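Visitor: Single-letter residue listing:
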Amino acid sequence: MSAQRYKILVVEDNPSDVELLRMAFKQADLECDLTVIGDGGDALDFVRRQSPADARPDLAILDLNLPRRDGVEVLDGMRANPALSAVPVAVLSSSSLPRERARLETLHIRRYIQKPSDLDGFLKIGGEVKELLREAK
Amino acid sequence: MRPFRDIPVERKLLVTILATTALALLLSGLSFLVLDTVFFRQQLRRDLSAQARIIAENSTAAVAFDDAKSAEETLNSLRERPHVTAACIYRLDGSILASYSPARQTCPPPRTSGNLIFLGGRMEVFETIALKDRPVGKLVLVYDLGEISERLRIYGVLILAVLLISGAIAMRFSVRLRERIVAPIEELASYAAHVAETRDYTIRVREQSRDELGVLVESFNAMLFSIQSRDDDLRKALADREQALAQAKNAREQLEMITDTMASAVTRCGRDHRLIWASRQYSRWLNLPPDQIVGQPLAAVIGEDAFAALRPFIDRVLTGERVEYEVEADFKTIGRRWVRGTYVPTRRENGQVDGWVAELSDITALKRAQADVVRINQQLQRSNSSLARSNEDLERFAYVASHDLQEPLRMVTTYSQLLIRTYGGQLRGEAAAFVDTIVDGTRRMQTLLSDLLAYTGINAESDQPAEQVDLNAALETAKRNLNAAIAESGAQVTSDPLPCARGHEGHFVSLLQNLIGNAIKYRSNDPPRIHIAVRRQGGEMRIEVSDNGIGIAPEYHRQIFVPFKRLHGRRIPGSGIGLAICQRVVERYGGRIWVESQVGAGSKFIFTLPEAAPPAREVAAAREGSNERAAL
Numbered sequence: 001m002s003a004q005r006y007k008i009l010v011v012e013d014n015p016s017d018v019e020l021l022r023m024a025f026k027q028a029d030l031e032c033d034l035t036v037i038g039d040g041g042d043a044l045d046f047v048r049r050q051s052p053a054d055a056r057p058d059l060a061i062l063d064l065n066l067p068r069r070d071g072v073e074v075l076d077g078m079r080a081n082p083a084l085s086a087v088p089v090a091v092l093s094s095s096s097l098p099r100e101r102a103r104l105e106t107l108h109i110r111r112y113i114q115k116p117s118d119l120d121g122f123l124k125i126g127g128e129v130k131e132l133l134r135e136a137k
Numbered sequence: 001m002r003p004f005r006d007i008p009v010e011r012k013l014l015v016t017i018l019a020t021t022a023l024a025l026l027l028s029g030l031s032f033l034v035l036d037t038v039f040f041r042q043q044l045r046r047d048l049s050a051q052a053r054i055i056a057e058n059s060t061a062a063v064a065f066d067d068a069k070s071a072e073e074t075l076n077s078l079r080e081r082p083h084v085t086a087a088c089i090y091r092l093d094g095s096i097l098a099s100y101s102p103a104r105q106t107c108p109p110p111r112t113s114g115n116l117i118f119l120g121g122r123m124e125v126f127e128t129i130a131l132k133d134r135p136v137g138k139l140v141l142v143y144d145l146g147e148i149s150e151r152l153r154i155y156g157v158l159i160l161a162v163l164l165i166s167g168a169i170a171m172r173f174s175v176r177l178r179e180r181i182v183a184p185i186e187e188l189a190s191y192a193a194h195v196a197e198t199r200d201y202t203i204r205v206r207e208q209s210r211d212e213l214g215v216l217v218e219s220f221n222a223m224l225f226s227i228q229s230r231d232d233d234l235r236k237a238l239a240d241r242e243q244a245l246a247q248a249k250n251a252r253e254q255l256e257m258i259t260d261t262m263a264s265a266v267t268r269c270g271r272d273h274r275l276i277w278a279s280r281q282y283s284r285w286l287n288l289p290p291d292q293i294v295g296q297p298l299a300a301v302i303g304e305d306a307f308a309a310l311r312p313f314i315d316r317v318l319t320g321e322r323v324e325y326e327v328e329a330d331f332k333t334i335g336r337r338w339v340r341g342t343y344v345p346t347r348r349e350n351g352q353v354d355g356w357v358a359e360l361s362d363i364t365a366l367k368r369a370q371a372d373v374v375r376i377n378q379q380l381q382r383s384n385s386s387l388a389r390s391n392e393d394l395e396r397f398a399y400v401a402s403h404d405l406q407e408p409l410r411m412v413t414t415y416s417q418l419l420i421r422t423y424g425g426q427l428r429g430e431a432a433a434f435v436d437t438i439v440d441g442t443r444r445m446q447t448l449l450s451d452l453l454a455y456t457g458i459n460a461e462s463d464q465p466a467e468q469v470d471l472n473a474a475l476e477t478a479k480r481n482l483n484a485a486i487a488e489s490g491a492q493v494t495s496d497p498l499p500c501a502r503g504h505e506g507h508f509v510s511l512l513q514n515l516i517g518n519a520i521k522y523r524s525n526d527p528p529r530i531h532i533a534v535r536r537q538g539g540e541m542r543i544e545v546s547d548n549g550i551g552i553a554p555e556y557h558r559q560i561f562v563p564f565k566r567l568h569g570r571r572i573p574g575s576g577i578g579l580a581i582c583q584r585v586v587e588r589y590g591g592r593i594w595v596e597s598q599v600g601a602g603s604k605f606i607f608t609l610p611e612a613a614p615p616a617r618e619v620a621a622a623r624e625g626s627n628e629r630a631a632l
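Chains A and B, in that order, are what the protein sequence lines are. The numbering used here puts the first residue of the first sequence at 1, with every later residue one more than the last. The numbering used here puts the first residue of the second sequence at 1, with every later residue one more than the last.
Simulated from the structure, these hints should not be mistaken for laboratory data. Predicted, not measured: the structure shown is a model, and the values here were computed from it. Treat the hints with care, since some could be wrong.
[To be verified] To give a feel for the contact side, a few chain A residues facing chain B, derived at Cβ under 8 Å: (1) SER16; (2) LEU20; (3) SER93; (4) GLN114; (5) LYS115; (6) ASP118; (7) LEU119; (8) PHE122.
[Unchecked claim] Listed next, with one range per pair, are the computed distances between beta-carbon atoms: (9) A/ASN81 / B/GLU392: 54 to 60 Å; (10) B/ASN384 / A/THR35: 36 to 42 Å; (11) A/THR106 / B/GLU544: 38 to 44 Å.
[Claimed, not checked] These stretches of chain B come out as covered by chain A in the derived footprint (C-beta under 8 Å, 3 or more residues): (12) 238-248; (13) 346-352.
We treat Cβ as the ideally placed atom computed from N, Cα and C, and that holds for glycine.
Kindly generate the complete structure, drawing on both the sequences and the hints.
Guide: As structure tokens, then:
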């Protein structure tokens with residue numbers, strides 16, 4: 001339908017969840033290119049290296065629990081880099097810990113999405129992300 | 001025979017009077033006798049000489065004429081004198097011319113010299129007969145001196161008679177004297193003896209005369225009086241002394257009784273650091289006999305080391321300060337001890353400090369026990385904190401585990417569903433049922449994990465600060481969360497205006513939600529009627545959630561609060577964590593929770609919370625309207 005292809009940065013260490021995300025986007029008819037980084041340290045390197053010349057992602061989906069560096073550090077790295085500071089961020093996390101949630105509230109992220117515990121819930125994320133992208137336009 | 005001074009006064013007086021009288025009489029009689037004899041002799045001599053001369057002159061003629069007859073007649077004139085026993089007239093040749101001899105006595109021959117001699121019992125008188133100065137003869141007279149003896153005899157008889165008479169008179173006098181002198185003296189003596197014997201100084205001797213005896217009696221009475229008063233004084237002084245002694249003894253006994261029953265030892269010391277007094281406890285404590293304590297220098301009793309340790313406190317108490325101390329010191333007789341002492345200065349009447357009283361307790365055992373307690377406390381604290389740590393670790397582990405286990409479980413669930421979704425049509429009979437069972441199991445496990453997470457989360461989230469929570473708002477949230485169940489069951493939930501409480505709102509929501517949810521879940525055949533009442537008592541709030549449900553048998557009233565304990569099978573869904581969560585929440589905020597219920601009579605879950613500082617009256621009032629609306 002839409003010729004527009006979105007560029008989405010996914011920082012997620014669980015390939016199964018990445019696979020489920022792809023399925024959800026597909027189900028929501030979301031045409032997008034995913035840049036997937038499965039490691040906190042790599043992600044931090046990536047966001048630091050990004051320059052304005054590079055193609056800017058339309059959305060970043062961050063998991064908080066990552067190997068080596070956690071999602072918040074990656075988020076900070078993004079905010080510190082002018083090339084990425086304007087990119088809307090959705091946090092996708094399985095964590096339901098109130099402490100984490102309290103921390104997120106101070107980070108001014110666009111959306112907090114708790115990883116749903118069933119398939120239907122997960123597939124609904126596709127619509128949610130589509131909505132976010134539309135808002136961001 | 002008794003000496004004179006020992007014989008009775010009466011006899012003395014008698015003897016004195018008699019002796020004096022007799023001596024006076026004798027002396028005067030004798031002197032009178034002697035004088036009389038002397039005078040009589042002289043007179044006799046003169047008399048006889050004169051008589052002899054007269055006779056000689058009268059006989060001159062007879063001699064001259066040798067006329068014996070007339071001579072004899074002349075001599076016969078001597079008859080007038082009875083005591084002239086013989087008289088002779090001698091011629092010159094010595095022959096007798098005439099003689100006179102009434103007693104037939106011969107005349108002595110005439111003497112040539114002298115004219116008078118005393119011879120034996122007679123006196124001889126010689127006289128010369130002369131005629132015209134020519135001797136013609138001699139006259140001799142013999143005079144018998146028996147007259148004198150007779151006179152002496154008469155005098156002696158007289159003196160004797162006078163003696164006897166005066167003796168009798170003296171006797172009479174002495175009797176009178178006895179009455180007047182001796183009797184009063186004797187009376188005085190008997191009184192004195194009586195007084196000496198009975199020590200009765202109150203009697204007085206009757207005064208009979210105004211003489212020296214009277215004075216004596218008066219003096220005696222005065223003496224008795226003064227003795228009596230002195231005796232009284234003495235007696236009083238003695239009584240006072242005895243009383244004082246008794247009091248002192250009493251006080252001493254009391255002091256000893258008190259100090260004996262005291263657990264601590266008591267001593268008194270002087271400025272010179274010598275012990276003046278020590279209680280038995282002290283000597284028992286130091287293991288020393290009292291005589292090695294009292295009067296001894298403190299340093300000698302407890303040893304130089306201990307004395308040096310106590311010296312600062314001694315110096316302070318001697319400045320007049322009350323001193324309390326605890327010190328460890330090395331005592332000579334009993335070794336190292338911890339002592340707790342109180343020194344109180346003692347003062348003279350002028351206020352000068354003259355020593356101190358010490359009250360001493362051996363607190364060695366106490367100190368040891370204290371050290372033990374400290375050590376044990378430290379151990380306890382260590383093990384407590386390690387317990388708390390391990391408990392915390394365990395909770396954190398359970399929390400983290402239940403949280404992290406959700407992640408793989410989510411994968412299993414999601415991919416099982418994906419399996420059914422994608423290949424459901426290709427699975428045959430049994431295979432599809434197996435996959436359904438897997439999905440069902442994972443769902444249940446998810447529920448369990450999230451309940452466990454909620455349960456362990458109550459304490460795990462303790463680092464968040466507590467806040468004032470309006471329980472009315474919490475109730476609203478809980479009811480909203482239970483909306484479906486309330487609507488489905490037709491439940492009516494009513495509430496008194498609820499107070500505020502300190503804590504996390506989520507916890508109170510969870511508490512109320514679980515209680516109301518249970519009331520709906522375990523309902524009877526009637527639509528649930530749930531009421532939340534509030535009571536305040538004893539500084540705590542008591543919140544009661546009553547329902548008209550199936551009730552709980554008393555034997556399960558405790559069990560229901562144990563995590564994952566359920567009274568019902570799968571017929572009623574639930575993990576059995578709800579009431580455990582309620583209990584955790586209530587206990588976390590310092591309250592208690594219990595149930596009052598009977599089977600078929602509904603249940604009343606009661607929990608208490610400490611009274612929150614300001615009861616949110618305004619909030620409660622504002623909520624009242626909405627509470628009414630809340631009743632569905």
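Visitor: Look at each hint and say if it fits the structure.
Guide: So, going through the hints one by one against the coordinates:
| no. | hint | in the structure |
| --- | --- | --- |
| 1 | SER16 | holds, 5 Å |
| 2 | LEU20 | holds, 6 Å |
| 3 | SER93 | violated, 10 Å |
| 4 | GLN114 | violated, 10 Å |
| 5 | LYS115 | holds, 6 Å |
| 6 | ASP118 | holds, 6 Å |
| 7 | LEU119 | holds, 4 Å |
| 8 | PHE122 | holds, 6 Å |
| 9 | A/ASN81 / B/GLU392: 54 to 60 Å | violated, 39 Å |
| 10 | B/ASN384 / A/THR35: 36 to 42 Å | violated, 52 Å |
| 11 | A/THR106 / B/GLU544: 38 to 44 Å | holds, 40 Å |
| 12 | 238-248 | violated (count 0) |
| 13 | 346-352 | violated (count 0) |
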